[in-house]
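Trainee: Each chain is listed here by its residues.
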Amino acid sequence: MVDRLSVLCFAGTYGLALVCDLARFAVRGSARWYATIALTALGWIVHTLYLANRIWSIHELPVGTVFESLLVLAWILVAIDLYLEFRSPRPVAVGVFVLPVVIAILAAATQAPRQGWTGWGGGWVTFWGVVHGILLLGGAAATCVAFVAGLMYLIQSNRLKHKRPPRLGVALPSLEQSERWNRGGITVAFPLLTFGMLIGVGLMLGAKKSGGGAEVLGWSDPKVVATLALWVVFAGLLHARYRPEWRGSRVMVLTMVAFAFLVFAMVGVGPFLPTQHGNGLSLGGGPAASGRTP
Amino acid sequence: MKLLALGVDHRSAPTSVREALAMDGPRRDEALSALRGEFPGAEFVLLSTCNRVEAYAASDTPESLPGVDDLTAWLARFHAMPAPSLASHLVAHHDEAVVAHLFRVAASLESLVLGEGQILGQVRDAYQGAVARGSVGPILHDLFQNAMRVGKKVRSETGLDQGKLSIASVAVDVAREVFDHFADKTVLVIGAGKMGDLTLQHLAELKPGKIVVCNRNLGRAVKAAERWGGRVVEFERLNQALIDADVVVSTTAADEPIVTRDQYLRVQRARRNRLALILDIAVPRDFEPGIGELDRVMLYNVDDLQAQVARNLQGRKKGLEPARAIIERETSLCLANLRHQRNAGTLLKQLGAYAETVSERELQRFHAACPDLTDTQKDAVAHLVHRLQNQYLHHPRSALKSAATSADKHDPHALLNAVRHLFGLGDGPAHHS
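These protein sequence lines are chains A and B, in that order.
Heads up: the first sequence begins at 73 in this note's numbering, then just goes up one per residue.
Heads up: the second sequence begins at 70 in this note's numbering, then just goes up one per residue.
It is worth saying that the hints were derived from the structure and are not from the lab.
Wrong hints could be hidden among the right ones.
Claimed, not checked - Below, simulated DSBU-like cross-link-like pairs (lysine-lysine); rule was C-alpha separation at most 30 Å, straight line:
(1) B/Lys71 / B/Lys418
(2) B/Lys222 / A/Lys233
(3) B/Lys263 / B/Lys279
(4) B/Lys263 / A/Lys233
(5) B/Lys233 / B/Lys279
(6) A/Lys235 / B/Lys418
(7) B/Lys233 / B/Lys222
(8) A/Lys233 / B/Lys221
(9) B/Lys276 / B/Lys292
(10) A/Lys235 / B/Lys233
(11) A/Lys235 / B/Lys276
(12) B/Lys387 / A/Lys235
(13) B/Lys221 / B/Lys470
(14) A/Lys233 / B/Lys233
(15) B/Lys386 / B/Lys222
(16) A/Lys233 / B/Lys276
(17) A/Lys235 / B/Lys279
(18) B/Lys292 / A/Lys233
(19) B/Lys418 / B/Lys221
(20) B/Lys386 / A/Lys235
As the list claims (entries may be wrong) - Where chain B lies over chain A, by a calculated footprint (3+ residues, C-beta under 8 Å):
(21) 106-120
(22) 142-148
(23) 309-323
Stated by the list, open to error - Counterexamples of contact, computed for chain B against chain A with all Cβ distances above 12 Å:
(24) His79
(25) Arg96
(26) Glu107
(27) His210
(28) Glu226
(29) Ala273
(30) Glu274
(31) Ala323
(32) Leu344
(33) Val366
(34) Asn370
(35) Gln377
(36) Gly421
(37) Val427
(38) Arg434
(39) Gln446
Using N, Cα and C, we set each Cβ at its ideal position, and we do this for glycine too.
Given the sequences, and given the hints that come with them, work out the whole structure.
Mentor: Right, here's the structure in full:
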């Protein structure tokens with residue numbers, strides 16, 4: 073209950089920051105920008121304290137459960153949002169695109185399982201499990217950035233093609249800027265997802281070899297299949313990025329597809345398909361977890 | 070408190086008259102010195118822009134303020150113009166109307182181009198020039214400080230300055246929506262006409278890496294390239310120039326499109342599908358409209374840019390009503406503040422004079438009662454009396470000053486009356502707030 077209340081505290085603050093950012097069509101002037109930044113920063117500070125408290129109480133990095141992984145993912149995205157808000161001209165609506173993703177992730181977190189995976193435990197397996205979780209979380213955050221940038225590109229490109237003025241005062245980054253953020257997201261996400269996934273495969277094979285019990289993942293586990301499919305989409309995306317005729321809208325649409333796969337792999341598998349991966353464990357939830365409940 | 074604004078603008082006087090009255094730099098300083106000499110009891114600020122020449126005058130007393138005829142005669146004399154012909158172009162504003170007028174000017178509601186940004190800087194320059202020449206007193210100081218604040222407020226709260234109002238500057242905005250930085254970009258100008266030159270003048274603000282001019286008439290291309298520090302490409306090598314370019318400005322007088330969709334498709338392949346912005350401001354069009362359907366190519370023609378200008382103007386006009394409401398509110402607030410400060414200032418002087426009179430009278434009585442006091446003892450007693458006087462008046466004075474400077478929050482009228490009543494300083498002026 074305490075956990076849920078705390079999540080609501082900073083999720084609510086992000087919600088207020090989003091309302092403030094959306095108010096740009098009615099409220100002009102720099103006060104609205106300062107209010108948006110202040111609310112986002114306030115939410116992020118509370119979020120940071122919450123995660124720090126969690127690390128303090130469980131004595132490990134909070135990547136062992138779906139719940140924790142989603143909280144860390146949202147925390148990384150808000151940090152990126154603040155960085156981009158400061159780097160971009162004030163009229164550019166970064167928060168309008170990033171904060172809904174953050175709020176959606178936090179909403180999913182409140183419904184996510186809080187039990188960790190108990191298949192392996194202790195020693196070097198725990199260490200590699202944490203690395204697996206961190207790498208996949210980093211990959212997921214970079215994918216979210218690529219998704220947001222891709223969405224901005226598609227909207228801006230469509231608007232310019234049809235010679236429409238910005239709607240509701242929402243200014244977007246230039247096409248070149250959105251494309252750069254998208255490229256950066258994809259370039260960072262691919263190696264992180266690849267290494268994170270390889271470590272996961274190594275841990276799975278290691279567990280099979282050592283004759284782990286019923287909870288050992290198999291190649292046909294929906295979580296494993298979804299993650300492999302995500303990797304294939306990303307490989308295609310990276311390839312497309314270097315093909316001139318695919319540049320622009322096609323790459324952005326493919327980024328949307330990759331993001332959809334990410335969402336499915338993270339939160340879609342558990343509720344709909346039975347998986348041995350930590351009761352519907354997130355990409356960030358590794359075998360390091362040890363049956364922890366909040 | 071009396072105020073007067075007298076001058077000409079683009080509506081009341083032709084360019085020739087405005088030019089004759091223009092006062093920039095040293096000429097304005099000279100005029101301010103002359104005005105101070107002629108009307109020593111008044112404060113002055115002179116505002117001189119391309120579309121406006123105005124003298125602002127203020128004084129605490131009506132007799133110190135020059136009348137419209139006096140100021141007209143002075144302007145005619147200073148500019149060596151016949152007074153009757155000048156008078157027919159002059160527009161005068163008095164008292165409250167001066168405040169509202171100056172606020173409208175600073176907010177660019179009176180400008181030729183609604184919402185233009187230069188006027189605020191020009192008002193600041195006029196004020197600072199007058200401060201430097203010592204011709205600004207407390208009234209115009211407050212008035213101009215408020216005008217600059219209101220000018221900023223109107224812009225930030227109404228969007229009156231949002232969106233460009235010329236085709237060339239809208240083209241620059243579009244370029245900024247496509248590209249992030251321009252140091253590594255190449256701008257290609259096809260044609261060397263006036264419109265291309267004007268657009269390039271605006272695009273040059275973006276500091277593009279390279280400027281290339283391509284024209285059938287090589288001589289004109291060379292001249293245009295020299296003006297903008299660019300290089301020339303022969304018209305026969307247009308395709309290669311298009312491959313190298315990121316931003317294209319086309320302004321030829323060709324009867325038919327000079328670049329077809331298929332031709333540009335090949336160009337775009339050779340460009341490895343890089344982002345391209347084409348500003349086709351030629352009539353008839355130089356680029357086939359189908360080029361704009363290509364994924365990474367943004368094609369804007371003159372109609373698109375003109376439509377954007379019209380939308381921007383419409384957007385600015387939407388800000389007019391809110392701007393007027395802000396100005397109306399700020400005008401009454403500023404006037405109330407000015408009156409309260411004048412009243413508080415007068416009352417402070419009265420209070421000081423009253424205390425001085427009482428102290429002097431009592432000292433004289435005391436000296437008469439004690440004739441044996443030495444000069445040192447008399448000085449010590451006088452010093453004591455003045456210290457007591459200052460101590461007793463410290464809080465009433467502070468309260469009056471504070472009430473006058475924060476008149477927007479609290480009406481100081483009651484406090485001023487109370488002080489008058491308590492110290493027996495007579496009736497104050499009528500309440501105008």
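Trainee: None of the hints should be skipped; say for each whether it holds.
Mentor: The hints, checked one at a time:
For the suggested pair B/Lys71 and B/Lys418, the alpha carbons sit about 20 Å apart, so the restraint of at most 30 Å is met. Only pairs whose Cα atoms come within 30 Å are accepted, and B/Lys222 paired with A/Lys233 is rejected, the gap being roughly 34 Å. Distance restraint check for B/Lys263 and B/Lys279: the Cα-Cα separation of roughly 20 Å lies within the 30 Å cut-off, and the hinted pair is therefore satisfied. Proposed proximity of B/Lys263 and A/Lys233 is supported: the alpha carbons are some 27 Å apart, at most 30 Å.
At roughly 25 Å between alpha-carbon atoms, B/Lys233 and B/Lys279 fall within 30 Å of each other, so this suggested pair holds. Between A/Lys235 and B/Lys418 the CA atoms are separated by roughly 65 Å; this puts the pair beyond 30 Å, and the hint is violated. Straight-line distance between C-alpha atoms of B/Lys233 and B/Lys222 comes to about 19 Å, which keeps the hinted pair within the 30 Å bound. For the hint pairing A/Lys233 with B/Lys221, the CA-to-CA distance comes to about 34 Å; that exceeds 30 Å, so the pair is violated.
Between B/Lys276 and B/Lys292, the direct Cα distance comes to roughly 20 Å. Compliance with the 30 Å bound is thereby established for this hinted pair. Pair hint A/Lys235 plus B/Lys233 holds up; C-alpha atoms about 15 Å apart against a cutoff of 30 Å. For the hint linking A/Lys235 to B/Lys276, the alpha-carbon distance of about 25 Å falls within 30 Å, and the restraint holds. In summary, the hint linking B/Lys387 to A/Lys235 is supported, as the alpha carbons are separated by about 21 Å, within the 30 Å threshold.
With a C-alpha separation of about 27 Å, the suggested pair B/Lys221 and B/Lys470 falls inside the 30 Å cut-off, and the hint holds. Restraint check: the Cα-Cα separation between A/Lys233 and B/Lys233 comes to about 19 Å, which is no more than 30 Å; the hinted pair holds. Proposed proximity of B/Lys386 and B/Lys222 is supported: the alpha carbons are some 16 Å apart, at most 30 Å. With a C-alpha separation of about 25 Å, the suggested pairing of A/Lys233 with B/Lys276 holds against the 30 Å cut-off.
With a C-alpha separation of about 27 Å, the suggested pair A/Lys235 and B/Lys279 falls inside the 30 Å cut-off, and the hint holds. This hinted pair does not check out: B/Lys292 and A/Lys233 have alpha carbons roughly 34 Å apart, beyond 30 Å. Of the pairs offered as hints, the one joining B/Lys418 and B/Lys221 is violated, with about 35 Å between alpha carbons and a cut-off of 30 Å exceeded. Restraint check: the Cα-Cα separation between B/Lys386 and A/Lys235 comes to about 21 Å, which is no more than 30 Å; the hinted pair holds.
For the segment 106-120 of chain A, the stated coverage by chain B is violated: 0 residues have a C-beta nearer than 8 Å to a C-beta of that chain, whereas at least 3 were required. Here's how the segment 142-148 of chain A fares: 0 of its residues keep a CB closer than 8 Å to some CB of chain B, so the rule of at least three is not met and the hint is violated. A stretch counts as covered by a chain when three or more of its residues have a beta carbon under 8 Å from one of that chain; for the segment 309-323 of chain A and chain B the count is 6, and the coverage holds. Every beta carbon of chain A lies more than 12 Å from that of B/His79, the smallest distance being close to 28 Å; the non-interface claim holds.
Against the 12 Å criterion, B/Arg96 stays outside the reach of chain A, whose nearest CB is about 38 Å from its own CB. The Cβ of B/Glu107 lies farther than 12 Å from every Cβ of chain A, with a closest approach of about 43 Å, so its non-interface assignment holds. Against chain A, the non-interface label of B/His210 holds: every CB pair exceeds 12 Å, the least being about 26 Å. Not every Cβ of chain A is farther than 12 Å from the Cβ of B/Glu226; the closest lies at roughly 5 Å, contradicting the non-interface assignment.
With a closest Cβ-Cβ approach of about 19 Å to chain A, B/Ala273 is found to remain outside the 12 Å limit, as its non-interface label requires. Against chain A, the non-interface label of B/Glu274 holds: every CB pair exceeds 12 Å, the least being about 16 Å. Remark: the non-interface label on B/Ala323 is consistent with the geometry, its nearest Cβ contact in chain A lying 23 Å away (cut-off 12 Å). Residue-level check failed: B/Leu344 sits 6 Å from the nearest beta carbon of chain A, not beyond 12 Å.
Annotated as non-interface, B/Val366 brings its C-beta within 12 Å of a C-beta of chain A; the closest such distance is 9 Å. Under the 12 Å C-beta cut-off, the non-interface status given to B/Asn370 relative to chain A is violated; the minimum distance is some 10 Å. With a least beta-carbon separation of about 7 Å from chain A, B/Gln377 fails to lie farther than 12 Å from that chain, contradicting its non-interface assignment. Listed as outside the interface, B/Gly421 is consistent with that label: its C-beta sits roughly 42 Å from the nearest C-beta of chain A, beyond the 12 Å cut-off.
At the 12 Å boundary, the C-beta of B/Val427 stays outside the reach of chain A, the nearest C-beta of that chain being 51 Å off. Residue-level check passed: B/Arg434 sits 61 Å from the nearest beta carbon of chain A, beyond 12 Å. Consistency note on B/Gln446: stated as away from chain A, and its beta-carbon is indeed over 12 Å from all of that chain's, at 63 Å minimum.
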